[in-house]
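Spelled out, the chains give:
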Amino acid sequence: MATVSGEPIPVATVLGLLAAAVVTVAIGIYGVRLARTTSDFLVASRSVGPRWNAAAISGEYLSAASFLGVAGLIAKYGADALWYPVGFTAGYLGLLLFVAAPLRRSGAYTVPDFAEFRLGSTRLRKLAMVVVAVICILYMVPQFQGAGLTVGILLGIPTWVGAVAVALIVIANVVGGGMRSITFVQAFQYWLKLTAVAVPALVLAVHFLGEEHDLGAPAPPTVGERTTVEITTDVVVQVSGPIAAGVDGTLDGADVDGIVTLGPGEHELGAGTALVLEAGSPVPVVAGAPATDADWLEPGSGLGGEHPLFQVYSLMIGIFLGTVGLPHVLVRFYTNPDGRTARRTSLAVIGLLGVFYLFPTLLGVFARLWVPQLLITGTSDAAVLLLPGSVLSGPGGQLLAALVAAGAIAAFLSTSSGLLVSVAGVLSTDVLRGRVRDFRVAAVLAGVVPLLLALGMVSVDLSRTVGLVFAVAASTLCPLLVLGIWWRGLTAVGAAAGMVTGGLVAGAAALLTAVGGAPGGWADWTHTGWPGAVVGYPAAVSVPLAFLVMVLVSRVTRGRVPQDVGRTFARMHAPERLGVGRDREGDLRSL
Amino acid sequence: MVLAKRHGARIVRTRVEVQEQTEVGDAMIRGLVRAQLGLALRLALLAAGLLSAVPLLIIAFPGLAEAEVLGIRLPWLVLGVLVYPVLLIVGKLYIGRAERNEQEFVDLADD
Chain A
3 MATVSGEPIP
13 VATVLGLLAA
23 AVVTVAIGIY
33 GVRLARTTSD
43 FLVASRSVGP
53 RWNAAAISGE
63 YLSAASFLGV
73 AGLIAKYGAD
83 ALWYPVGFTA
93 GYLGLLLFVA
103 APLRRSGAYT
113 VPDFAEFRLG
123 STRLRKLAMV
133 VVAVICILYM
143 VPQFQGAGLT
153 VGILLGIPTW
163 VGAVAVALIV
173 IANVVGGGMR
183 SITFVQAFQY
193 WLKLTAVAVP
203 ALVLAVHFLG
213 EEHDLGAPAP
223 PTVGERTTVE
233 ITTDVVVQVS
243 GPIAAGVDGT
253 LDGADVDGIV
263 TLGPGEHELG
273 AGTALVLEAG
283 SPVPVVAGAP
293 ATDADWLEPG
303 SGLGGEHPLF
313 QVYSLMIGIF
323 LGTVGLPHVL
333 VRFYTNPDGR
343 TARRTSLAVI
353 GLLGVFYLFP
363 TLLGVFARLW
373 VPQLLITGTS
383 DAAVLLLPGS
393 VLSGPGGQLL
403 AALVAAGAIA
413 AFLSTSSGLL
423 VSVAGVLSTD
433 VLRGRVRDFR
443 VAAVLAGVVP
453 LLLALGMVSV
463 DLSRTVGLVF
473 AVAASTLCPL
483 LVLGIWWRGL
493 TAVGAAAGMV
503 TGGLVAGAAA
513 LLTAVGGAPG
523 GWADWTHTGW
533 PGAVVGYPAA
543 VSVPLAFLVM
553 VLVSRVTRGR
563 VPQDVGRTFA
573 RMHAPERLGV
583 GRDREGDLRS
593 L
Chain B
19 MVLAKRHGAR
29 IVRTRVEVQE
39 QTEVGDAMIR
49 GLVRAQLGLA
59 LRLALLAAGL
69 LSAVPLLIIA
79 FPGLAEAEVL
89 GIRLPWLVLG
99 VLVYPVLLIV
109 GKLYIGRAER
119 NEQEFVDLAD
129 D
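Chains A and B are the protein sequences, given in the same order.
Numbering of the first sequence is given in our numbering, commencing with residue 3 and proceeding in unit increments.
Numbering of the second sequence is given in our numbering, commencing with residue 19 and proceeding in unit increments.
In short, the hints are calculated from the structure, not lab data.
Keep in mind that a hint or two might mislead.
[What the hints assert, rightly or not] Just some of the chain A residues that point at chain B, by a computed CB distance under 8 Å:
#1 TRP85
#2 LEU299
#3 PHE312
#4 TYR315
#5 ARG346
#6 HIS575
[Unchecked claim] Covered stretches of chain B (in silico footprint by chain A; criterion: 3 or more residues with CB under 8 Å from a CB of chain A, positions within the stretch not fixed):
#7 52–58
#8 61–71
#9 85–98
#10 115–124
[What the hints assert, rightly or not] Below, in silico cross-link-like pairs of lysine to aspartate or glutamate (DMTMM-like), each with a Cα-Cα straight-line distance of 25 Å or less:
#11 B:LYS110 to B:ASP125
#12 B:LYS110 to B:GLU122
#13 A:LYS128 to A:GLU578
#14 A:LYS128 to A:ASP566
#15 B:LYS110 to A:ASP340
#16 B:LYS110 to A:GLU578
Each residue gets a CB set at the ideal place from its N, CA and C atoms; glycine is no exception.
Using the sequences and the hints given, assemble the complete structure.
Have a look at this one:
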């Protein structure tokens, strides 16, 4: 990982970071007072319209992957990375079409609860609970990694410090009872994140239009001024034309100190190497990403690795269907008064996300233009954070940088708090005895595990990690919900078999990506050819497999279709006006 | 007055049929589920078809990738901006039709 050295620590940024953290904690404490008197869900369900609800869902949903990762991937991979935000948004169309209204009418407020309601099996409920816990924990890993990256880059301290600090804030907040999923707070988070990403994007857009640029040149991006990049982990870069650069460290296995000309081809830079590029110098680009701007601008080169078309389709399947199974999002649908408003909320979320993602896209383009040195190490997740300061000098740039930093911290805190509350809630009620103490124990455990994973794991792009988590959700909870809602023939055994199969396949792929190491290591096969494409983007294999197993096993065990499936279907699908629905709110425990 | 009263009595009976899962009630729910699923699948296929056509069209007609509208390359305009209104329109279509299906169901139950 690289730190961009030579910059003094900006005071405004530190203040921005602190302000975001303090406000989040304060809101958490205030929120406890509000939430203690009565269940927020029940209050919200009677007072909150679809718009507020949609903003709250978006606020909880827009994580580090959206705030930092999308722009970074666009800077690195160009047109093909646009599929990430498209998928993140299109997922809500899937949710609208197949899940929103029937799930709300079922009255179930979590996926394990739905499993028990629909199939009458407490063992299936437990299995669904395990899957929810795994998904939440995996989803927290990139949040903590993003936090480490952000704090590390902005303050120049080791990345683990930021990850530990944010994890501790989140755990302490949740253990203290704070950060209940208060609708208004989460709705505010959406507008904060939108502001923090839109204002810099618009300011830079004005700056962009005021200059002449050639974004499609058949040449690599160039640095605007003399730039020093420190390489902190070994990296392979590609060079399309000769680049003269100052290198102090290891280049292609040999010790080098002085000006070197990097010839066309691939070069390996060792950890600890400092690379100095003079103003106007072309930038070597991390291997696997498009090297020239012309290649970058055109779709079809994929997201690093082979079989780009498969990558795009598999990614879309995973994100489109994975959104349907995200536990911390589904909980929010319970705050809709009825199925009709659940649909309207989903539609409004599509609108809000569509507006949000315009800006990371813009920032990604600007990042390639103005902070191309990030492409050397491939840690392009830092793009959004570094852009304002490197383009605009003086207090204006510092203010924008502080705004972005505050938005990023808000994104980590809100999403990981929401996830931790979800996982601690299901763990404490379904595994432990559901007392307040159990909730706290569960919160500490469920917070420490992803922190350890975040510290120990190879850091891949934030959005890619999140994409893998979506693939796990798409291969487990999505078939359970979709078949449970639309197919009477589903049995508990079939649902369990499908979830286990899909979860193992997608989970194994995620695990291999996390621990498989760099290309050339012991798991080199996970980086090349079809195995590499499937491991990196497993959804196109694991999702159909999960559906297939679920259907086949259900057919074999058809004698075990629940007796009351007709009544269950009437409750899920009949409009509320007929009076067949019933909330399971008696089961809601206040934690 | 008498007619209205009878009508009211029938509403109660048909609703009870749905609630109590009689054969008539069950058949009505099956019809509604089929209609809603068909609608959802059709619109999902429409959206998926539109989206998945984009990479294929670019492979088939490489010129499209270099076409510019308002100074922006076509794939960037389509995937970066135009996708979102299209998703919204498909979602709006779905809500309208799904609510009509439900209204027909309620009318049938009240008839």
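(message) Need the list of violated hint numbers for this structure, in ascending order.
(response) 3, 13
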